[in-house]
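Given chain G, put chain H in place with the hints provided.
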Amino acid sequence: MIRARELSKRFGDKRVLEGLELEVPRGGFVLVTGPNGSGKTTLLRLCAGLTAPTGGELEVDAPRGSIGFLAHEPLVYRELTALENLDLYGRLYRIPERRERCGAMLERFGLWGSRNERAGTFSRGVLQRLAICRSFLHDPDLLLLDEPFDGLDTEGAKMLYLRLAEHGSTALVATHDPKSLAIRATARLALA
Amino acid sequence: MSGYAADVATLARKDLLLELRSRDTLPAMLLFVVSALTVFHFALPEDSSVRAETGLLWIAIVFTALLGLTRAFAPEREDGLLDGLVLAPCDRSAIWAGKTIGVMAFLVLAELVALPAFALFFHSLSWELVAAMALADVGIAAIGTLLAAIAVASRARELLLPLLFLPLAIPVVIGGVGASVAANPGSFLGFLGLYDAVFAILSWASFEYVITE
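Order-wise, the sequence lines are chains G and H. The first sequence begins at 1 in our numbering and counts up by one. The second sequence begins at 193 in our numbering and counts up by one.
Derived by calculation from the structure, the hints in this document are not laboratory data. Please read all numbers here as calculations on a predicted model, not as lab measurements. Here a beta-carbon is modelled for each residue, glycine too, at the ideal position from N, C-alpha and C. Be careful, since some hints might not be right.
Claimed, not checked - Calculated cross-link-like contacts (lysine to any residue; reagent style SDA-like; alpha-carbon spacing at most 20 angstroms):
1. G:Lys158 to G:Asp177
2. G:Lys14 to H:Ser346
3. G:Lys14 to H:Arg347
What the hints assert, rightly or not - Ranges between beta-carbon positions, derived for each pair:
4. H:Leu394 to G:Pro35: 41 to 47 angstroms
5. G:Gly113 to H:His233: 53 to 59 angstroms
6. H:Asp216 to G:Ala187: 45 to 51 angstroms
7. H:Glu405 to G:Glu21: 20 to 26 angstroms
8. G:Arg108 to H:Ala197: 28 to 34 angstroms
9. G:Glu21 to H:Leu358: 48 to 54 angstroms
10. H:Ala266 to G:Arg64: 23 to 29 angstroms
11. G:Ser123 to H:Gly272: 15 to 21 angstroms
One chain only, chain G, in its complex shape (with noise of 0.2 angstroms):
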């Protein structure tokens, strides 16, 4: 599903990534592990389509509604309420029954009582678990999930936990805690 081959990616005179292989088959599921400024986020949003190569070849074979992409950033508008910011994608990635999936996902990840309230007035961990429901909402093929489990507490990482373990769909997982995902992976990337 994901083929890299030579994959280089320079920001100026900055090499980020140089001379990468990579081959994710369909249903893989890869971590991404290294330290900081090993190129973990570049390499996601290379496969996301997010920023274009500078060197070697990339092909991912998944077309771009069908991928999950969990970023840094949560991705919501924080004068939304949470309802509102998945309805917003439901509509985009045109989910068929929006608005009982969009129910489903935050009462999933235990946001249910915080639907009508804006993003804005969220904690990190409560952001966090909005950007996951975002992520998984249109049950994508493809999810790239960079530090999933940054800022949830217990709770959260359990159900996402819980979500990552039933999902069938190829994964790529950029996380400095490869331990919690070490079960469900069927490879590890490390990054230098």
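Coordinates of chain H only, in the frame set by chain G:
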């Protein structure tokens, strides 16, 4: 409603709702345009020409639009939200169209205050002036939204947007003033209509390349 029109409506509604909640842009535009017209009222001599007064109205409108355009992509810039919109399966030009409708709505609301204020301070409004302003709004919002998207990716966005936008707004001022005071307003209105068509098509077609690397 077709899928594309539904996406545009969703995105435009989102921008209007954000402004309704945050009130970041419209109050500033209203305050600016009324202040500018008040300053012009006291700065101009009593026997100033209709052309001079109308010209200053158009300058006030162009700078009011610039104020709105500066904030057009503010929510997306502050939280990296363009990534979320770009990843959605909708046509990326729908993002431009939705944003353009939002900018145009704010501009029209500012003009609903500015035009009566102009009539109060200077002289009565003509139908040619109102028609020219309606046509100018389309062109200003269309090209302004594209330029705001270009500027938002830059660190010097506050400098870049006026540098890009003001030269392209010169034809709007020429057409607007011409339509308001000339003996043959039809040709100037036609010019503004052509400006709208050219820049709306150009902006619609090129927006995807502006927001993707």
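Hint-by-hint comparison with the structure:
1. Among the hinted pairs, Lys158 of chain G with Asp177 of chain G is consistent with the structure: their alpha-carbon atoms are about 14 angstroms apart, no more than 20 angstroms.
2. A C-alpha spacing of about 19 angstroms is found between Lys14 of chain G and Ser346 of chain H, which places the hinted pair at or below 20 angstroms, so the restraint holds.
3. Using a Cα cut-off of 20 angstroms, the hinted pair Lys14 of chain G and Arg347 of chain H holds, with the two alpha carbons roughly 18 angstroms apart.
4. As the Cβ distance of Leu394 of chain H to Pro35 of chain G is approximately 45 angstroms, the hint placing it in 41 to 47 angstroms holds.
5. A beta carbon spacing of about 54 angstroms between Gly113 of chain G and His233 of chain H agrees with the range 53 to 59 angstroms that was offered as a hint.
6. For the hinted restraint 45 to 51 angstroms between Asp216 of chain H and Ala187 of chain G, the CB-CB distance of approximately 46 angstroms keeps it satisfied.
7. Evaluation of the 20 to 26 angstroms hint for Glu405 of chain H and Glu21 of chain G yields a pass: the beta carbon distance comes to about 23 angstroms.
8. With their beta carbons about 32 angstroms apart, Arg108 of chain G and Ala197 of chain H fall inside the hinted range of 28 to 34 angstroms.
9. Range check, Glu21 of chain G to Leu358 of chain H: about 49 angstroms between beta-carbon atoms, so the 48 to 54 angstroms window is met.
10. With their beta carbons about 25 angstroms apart, Ala266 of chain H and Arg64 of chain G fall inside the hinted range of 23 to 29 angstroms.
11. Checked against the given bound of 15 to 21 angstroms, the beta carbons of Ser123 of chain G and Gly272 of chain H, roughly 19 angstroms apart, stay inside it.
When held up to the earlier numbered hints, the structure conflicts with none and fits them all.
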